[in-house]
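Line by line, the protein sequences are chains C and E.
Just so we're aligned, residue 1 is where the first sequence starts under the numbering used here, counting upward by one.
Just so we're aligned, residue 1 is where the second sequence starts under the numbering used here, counting upward by one.
There may be inaccurate statements among the hints.
What the hints assert, rightly or not - The following label-pair restraints were derived from C-beta to C-beta distances:
| no. | chain 1 | residue 1 | chain 2 | residue 2 | range |
| --- | --- | --- | --- | --- | --- |
| 1 | C | Thr-20 | E | Glu-102 | 21 to 31 Å |
| 2 | E | Leu-114 | C | Gly-62 | 27 to 37 Å |
| 3 | C | Asn-12 | E | Ser-53 | 15 to 25 Å |
| 4 | E | Lys-62 | C | Glu-15 | 26 to 36 Å |
| 5 | E | Pro-81 | C | Gln-71 | 42 to 52 Å |
Stated by the list, open to error - Distance condition first, Cα-Cα at most 20 Å in a straight line; then the derived SDA-like pairs of lysine to any residue:
| no. | chain 1 | residue 1 | chain 2 | residue 2 |
| --- | --- | --- | --- | --- |
| 6 | C | Lys-49 | E | Gln-98 |
| 7 | E | Lys-15 | E | Ser-100 |
| 8 | C | Lys-58 | E | Ser-100 |
| 9 | C | Lys-22 | E | Gln-41 |
| 10 | C | Lys-49 | E | Lys-15 |
| 11 | E | Lys-11 | C | Ala-112 |
| 12 | C | Lys-58 | E | Lys-15 |
| 13 | E | Lys-11 | C | Lys-49 |
| 14 | E | Lys-78 | E | Glu-52 |
| 15 | C | Lys-49 | E | Glu-52 |
| 16 | C | Lys-77 | C | Ala-1 |
| 17 | C | Lys-49 | E | Gly-99 |
| 18 | C | Lys-22 | C | Ala-112 |
If you're looking for bench data, these hints aren't it; they were derived computationally from the structure.
Please read these numbers as outputs of a predicted model, since none were measured by experiment.
C-beta: ideal position from N, C-alpha, C; glycine also.
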Amino acid sequence: AQSVAQPEDQVNVAEGNPLTVKCTYSVSGNPYLFWYVQYPNRGLQFLLKYITGDNLVKGSYGFEAEFNKSQTSFHLKKPSALVSDSALYFCAVRGLGGATNKLIFGTGTLLAVQP
Amino acid sequence: EAEVAQSPRYKITEKSQAVAFWCDPISGHATLYWYRQILGQGPELLVQFQDESVVDDSQLPKDRFSAERLKGVDSTLKIQPAELGDSAMYLCASSFLQGSGELFFGEGSRLTVL
Chain C
1 AQSVAQPEDQ
11 VNVAEGNPLT
21 VKCTYSVSGN
31 PYLFWYVQYP
41 NRGLQFLLKY
51 ITGDNLVKGS
61 YGFEAEFNKS
71 QTSFHLKKPS
81 ALVSDSALYF
91 CAVRGLGGAT
101 NKLIFGTGTL
111 LAVQP
Chain E
1 EAEVAQSPRY
11 KITEKSQAVA
21 FWCDPISGHA
31 TLYWYRQILG
41 QGPELLVQFQ
51 DESVVDDSQL
61 PKDRFSAERL
71 KGVDSTLKIQ
81 PAELGDSAMY
91 LCASSFLQGS
101 GELFFGEGSR
111 LTVL
C-alpha cells in the first residue's frame with residue numbers, strides 16, 4: 001500500500017536560514033509525489049510535484065524539493081526562510097486506487113520561522 | 001483568480017442532528033473531492049466524483065454520510081446523525097484532470113459536534 005511519512009512534527013528555523021522539511025514514501029512502481037501548504041484556518045495549496053525527469057523540482061514561493069529514489073525521500077527545501085513561510089506542510093503520494101489515483105497525505109510538519 | 005467555494009465556514013451542532021456542507025468547484029473542473037481533516041492529521045479522502053458519478057467512496061461512512069453532485073457541478077456532503085467523532089475540517093477540492101494530483105482546495109468547513 002502507498003504511504004508517506006513525515007518524521008518531524010515541527011521544524012524550527014531562523015529567518016534567512018535554509019530550511020528542510022522531510023518526507024519519505026512507500027509506493028509500488030514509479031512515485032508521483034506532491035507538497036502542499038496549509039495556512040491557519042485555510043485549505044491546502046499546491047506547492048510542487050514530481051512526476052518524472054529532473055530530481056530537483058521547483059515550485060511556488062521559492063520552494064523546491066529533491067527526489068531521491070535510493071532513499072525513497074522527497075524533502076522540501078528553501079534556501080532562505082521567511083517568517084511568512086510559517087505554516088503546516090503536507091507531503092502526499094498518489095495512490096493506485098483503481099480509477100481514482102487518490103492522494104494519500106502525510107500527517108504534516110509545522111514549520112515555524114523565527115524572526 | 002478562480003476559487004473553490006465552501007459553506008458554511010463554521011458549523012456547531014449537537015450530536016444526533018443533521019448537518020450539510022456545500023461546495024462549488026472551479027468552473028470546468030470535472031473532478032471533485034471531499035476530504036476530512038481531523039486536528040493534527042493529514043486530509044483523508046471521503047468521496048471523489050468524476051462529473052456526477054462517484055468513483056471512490058471507500059472511506060465514506062455510508063451509514064451516516066452521504067454525498068451528491070447531481071448536475072456534475074456543485075456538491076453537498078451530509079451527515080445524519082452527527083456524532084462527537086465527526087468534529088473535523090471538511091475540505092472540498094477540485095481538479096481539471098482526474099489523477100493529476102494537483103488539487104485546488106476550498107477554505108474548508110469546520111464542524112464541531114457537542
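We went through each hint and held it up to the structure:
1. Thr-20(C) / Glu-102(E): 21 to 31 Å: holds (23 Å)
2. Leu-114(E) / Gly-62(C): 27 to 37 Å: violated (43 Å)
3. Asn-12(C) / Ser-53(E): 15 to 25 Å: violated (45 Å)
4. Lys-62(E) / Glu-15(C): 26 to 36 Å: violated (48 Å)
5. Pro-81(E) / Gln-71(C): 42 to 52 Å: For Pro-81(E) and Gln-71(C) the Cβ distance comes to about 47 Å; the hint holds.
6. Lys-49(C) / Gln-98(E): The given pair, whose Cα atoms are some 15 Å apart, holds under the 20 Å limit.
7. Lys-15(E) / Ser-100(E): violated (37 Å)
8. Lys-58(C) / Ser-100(E): holds (17 Å)
9. Lys-22(C) / Gln-41(E): holds (16 Å)
10. Lys-49(C) / Lys-15(E): violated (40 Å)
11. Lys-11(E) / Ala-112(C): violated (29 Å)
12. Lys-58(C) / Lys-15(E): violated (46 Å)
13. Lys-11(E) / Lys-49(C): Status violated; Cα separation ~33 Å.
14. Lys-78(E) / Glu-52(E): Judged against 20 Å, a Cα distance of about 16 Å means the pair holds.
15. Lys-49(C) / Glu-52(E): violated (28 Å)
16. Lys-77(C) / Ala-1(C): violated (27 Å)
17. Lys-49(C) / Gly-99(E): holds (13 Å)
18. Lys-22(C) / Ala-112(C): OK: Lys-22(C) and Ala-112(C) at ~14 Å, within 20 Å.
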